[in-house]
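> So you can see what is in the structure, the chains are spelled out below.
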Amino acid sequence: MKKTSADVLPAEGGLGDAPLLAVDNLHVEFHTRAGVVRAVNGVSYTVGPGETLAVLGESGSGKSVTAQAIMGILDMPPAVIPQGEIRFKGTDLLKLSEHDRTQVRGQRIAMIFQDALSALNPVFTVGWQISEMFRVHRGMSKSDAMKKAVELMDRVRIPAAKQRVHDYPHQFSGGMRQRIMIAMSIALDPEVLIADEPTTALDVTVQAQIMELLAELQRESQMGLILITHDLGVVADVADKIAVMYGGRIVENAPVYDIYRAPAHPYTKGLLDSIPRVDQKGHELYAIKGLPPNLLDLPTGCAFHPRCPFRQENCVTDAPPLYEISGTRGSACHYWREVLDGERR
Amino acid sequence: MGRYVIRRLIQAIPVLLGATLLIFCIVFALPGDPIASLFGDKRPDPAIAEVLREQYHLNDPLLLQYWYYISGVLFRGDFGVNFADVPVSQIMAGKFQITLNLALTALVMEAVIGVGLGLWAALRRGKATDTVILAATLLLISVPTLVTGFVLQLVLGVKLKQWTGADIFPVAGTFAGWRSYLLPGFVLAGVSIAYLTRLTRTSLAETLRSDYIRTATAKGLSRRRVVGRHALRNALIPLITFLGADLGQLMGGAVITETIFNLQGIGNQLFMSVYLREQPVVVGIITVLVLIYILANLVVDLLYAVLDPRIRYE
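Listed in order, the protein sequences are those of chains A and B.
Heads up: the first sequence runs through residues 1 to 345, numbered per UniProt numbering.
Heads up: the second sequence runs through residues 1 to 314, numbered per UniProt numbering.
If we strip away everything but chain B, and leave its shape as in the complex, we get (with noise of 0.2 Å):
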């Protein structure tokens, strides 16, 4: 187990190199000179330019910037500084934490409501219930974000405050602490919710035909325990790739949802980095998001040998 980690690990160093160069390469693509546009309308003096050129080492061949980078991340946990001088870490910390927040409280959402809802419906198969919950999921994969966003800000975080006067979920931003994450992680987690509700009432309703539940049926258990004991572990199985798979996608994919809510998180700051061109800050930021993938998927495959014991690692 132990030595299964660190393999994995060091697999993921390849994985991290090939993703922070093709960010680097793509961004060093891009037309434009940030030199230039750091003076805004004003032509800079050519002599100036010249050396704060060669201070970013922009005169040097693609290869040997990148080696600048990569050397201070990998030996110094160093990820540079942006053309005003400030260190790019400083730039990710806070941001990093709200976008973190928000993921976590999708995710924590699309467990409770995606799994709660599947298990529902696998239990109460081809009834009302299962054909209301199936209906709205659908409902829910067709919307786009953007939709769902503003309506539920709306309705939820402005008129359901003038009807009733409790200031239950904020508009925006994130002054009211874990609240303020209540609408936008829904938001966020929407889609997935969906996903998950439907993966999960395929995957138990496929467990509750299985040869081992007949047998545990057989055995004069209770239904209740032969499901919740015997069918519920063999279930989740399946889920949990998706869990983990979707906390890279919730972390990299919430720009727009931060947008609509107002949220200082990774996802602005990596469109208006874009927008800047301020290529250190976009791989900077990019190289921690595949971090966090690797590390999820890592702990994923760890939980399926927790599960199920018919993996073991070597």
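In isolation and in its complexed conformation, chain A is listed as follows (with noise of 0.2 Å):
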């Protein structure tokens, strides 16, 4: 007999004090002719049910890394995990089988990614490929199947859905492609939803109504979400804690108040004061001096130190562990405290 989800793992609860998802010490590395890349380096962070993480970093951060790793959909090789664990619901998803982990993937952690057009299959109609997942996950007939689709596509709030259902993804606008993309990856009422990037691709007014939408569904499934992004405005409405990535590490997480009161890293600190203001127009816009780190090359001790205003000579050549400042908290830098009062004076 074929092994479904439920016999991978637990269905409902079961769960006692472990988290729903948890990234413990996670590694990655790319091996490349040019060298091994190093684009995730110990990464450790957890979700809750009806929990949003909100993961914030610049490109090469490996914020989407450590999410394709928790899908396991990355190309392996040239990726490898050297080590860490990836606990879904207290079981380790790198120690299942393959196909056992495609029993995870789609069925209880789903994803969805930031460009909705080159994501979708242009030759199949969205709905076929929405319909997709419970013909093969659930055995549906392809008329019930389809149903469902609709449904789906009403619930997502794609007017005129019944109709629409047999257009094919070129013939939508932007929003509402990602819209057929969060249809379809909450199909199967998933337990943890990551959102790479989701609005990147979309407008300013869109972003919101698609931020809405995921925030609505998540409240009704009760859901774990991890939002990956790059945008400040984005998380502050939705998110409830924050990790900021930096060179394949977190360098800060805390509770997403916590970190727009007062950063405790000179990295988030940068991004924040990054963010145009309209009681300061005019003025010219602040700028993290210098470039994101070579993955292939990382710098000595802290990652961020060649571009860090708070440096002292310590920070070249001793990596900082992440020092807890409260229990929901956490700074990875020597000088935490510096940059916390700097804040607040």
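There may be inaccurate statements among the hints.
[Stated by the list, open to error] Pulled a few chain A residues facing chain B out of the computed Cβ check, cut under 7 Å:
no. : residue
1   : M71
2   : I73
3   : L74
4   : T102
5   : R105
6   : G106
7   : Q107
8   : M111
9   : S118
10  : A119
11  : L120
12  : N121
13  : P122
14  : Y168
15  : H170
Simulated from the structure, these hints should not be mistaken for lab results.
Note that the structure is a prediction, hence the values are computed from the model and not measured.
Just so it is clear, CB atoms sit at the ideal spot from N, CA and C, and this is done for glycine as well.
Dock chain to chain to rebuild the complex, using the hints, since each chain is given by itself in its own frame.
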């Protein structure tokens, strides 16, 4: 008999104290001809049911690679996971067989991608692509699955879903396409949803609608949401907590309110300072100096030290651990106190 | 869609006229006198020669001659007669069938072997299978048809029969039905098989790297379904062009293969007719080839729309 996802992992409850999803000391490397690219270097975070974790960072910070490692959609090789665990309801996904992993993917943990136009298959109708989830994973007939697809399109508020279910992705606007992606990802009521920059390719007004939709769906289903973004504006509204990534590490994690009030890492502070503000119109925009680190050859000590205004001598030699500031907050900066104080002054 | 087909067929008319006129002029410009060659070594009686010239309109201006010809083709489906008064359509009839059989055999082999090997190589990228397939295609591209033809004829046609006693691949001629076309079909398709293998490999590999394949994987689909349903249809689209354009190539370029395997096809006939300056036969064959080429391209364009919904014809 074929194993279903319920056989692989407990369905509901039985969670105890374990978080819904826990990434623990994850390392991901890419073995390329140019050398070993250390994309993720010991990332840990957790998400609970109904909780939203925003993972913040610039391109190449390892935030997407971490997400792809959770989904198990990294190309291996070249990607290698030398150490770390990804525990879903207490089970380490990295130890599952490929077949068992496939049962988790899409059904228990789902993902939506940045550019819905390229992420949807151009030669199949959107209805076909959504209903595929029901046909393949639930063994539904074509017509039943299609009805479910229409229901889902209604649920993500696509107008005239019944007619549009037979249209192709290129016949939809950007926002509608992202709604289709969302409909596809929540088809089987996943417990964790990973959204990889879901609004980056969209207009600002549409961005807000999509974020609102995600928040609403999450309230209804109590799924854990990992929101990957480089847009601080998106984060403030919906996230419960934030993990800021730099050079493949988490440099600061904290409840969203704490971070906005007073960042405890120079990089976070730089990010917040570079948001344009109406009350400073006419002033030059603040930008963090320098370039993102080369993952082939990470700087010694703290990866942020070449760009850091708080740099001291030991930053060049000693890599800072994630210092615990409070029970829910950490900063990977030797001088987090100075950074915090500087803000409060 | 219907309107598109009609428009495409109307567009084909100037192409057909242009191609035939061009061939007509080239054949006209060939040195030598077709009437004189009718009489072989003897000198024709000037009076008789003059009558013949008059009969075949050889004294008329070039454009008028072309008009006589093309109006016959277009309005009466009449390809004219050669200088022995045998209708050109009769000369072409059986030969086109042979060449068409040969070309279609080659096309099927291309599609099956070329696409098959290409898919296999793409799915085993960087592994030994991939390397071996790539090396084999390189060999096939580098060796001329003349060599593959004779070698395969000797090894599979002659030696295999001597060793096993089984006559699987006939050496030449068309006496063994469809089996007669296997060996020449492969020789004719050889280079195209190699190109198509490489094209398929690249196309599938590229498709497998695209975002929607990542999405399909993230949906929890099996590898088989991701490749078979989601990648394959996208990867096939560029191959259709190659196959369609190649049909014309296979029909017209079979002279060497037909000679090696003694197939009395259109390639052979074309070669002979050019040699004998049988102007009406040469132009007739070219006209039909151009037509086939145009139709093959039309079918390709229509197939595009079937495979890729982003293409719509107004």
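> Hints broken by the structure, by number, lowest first?
Number 3 only.
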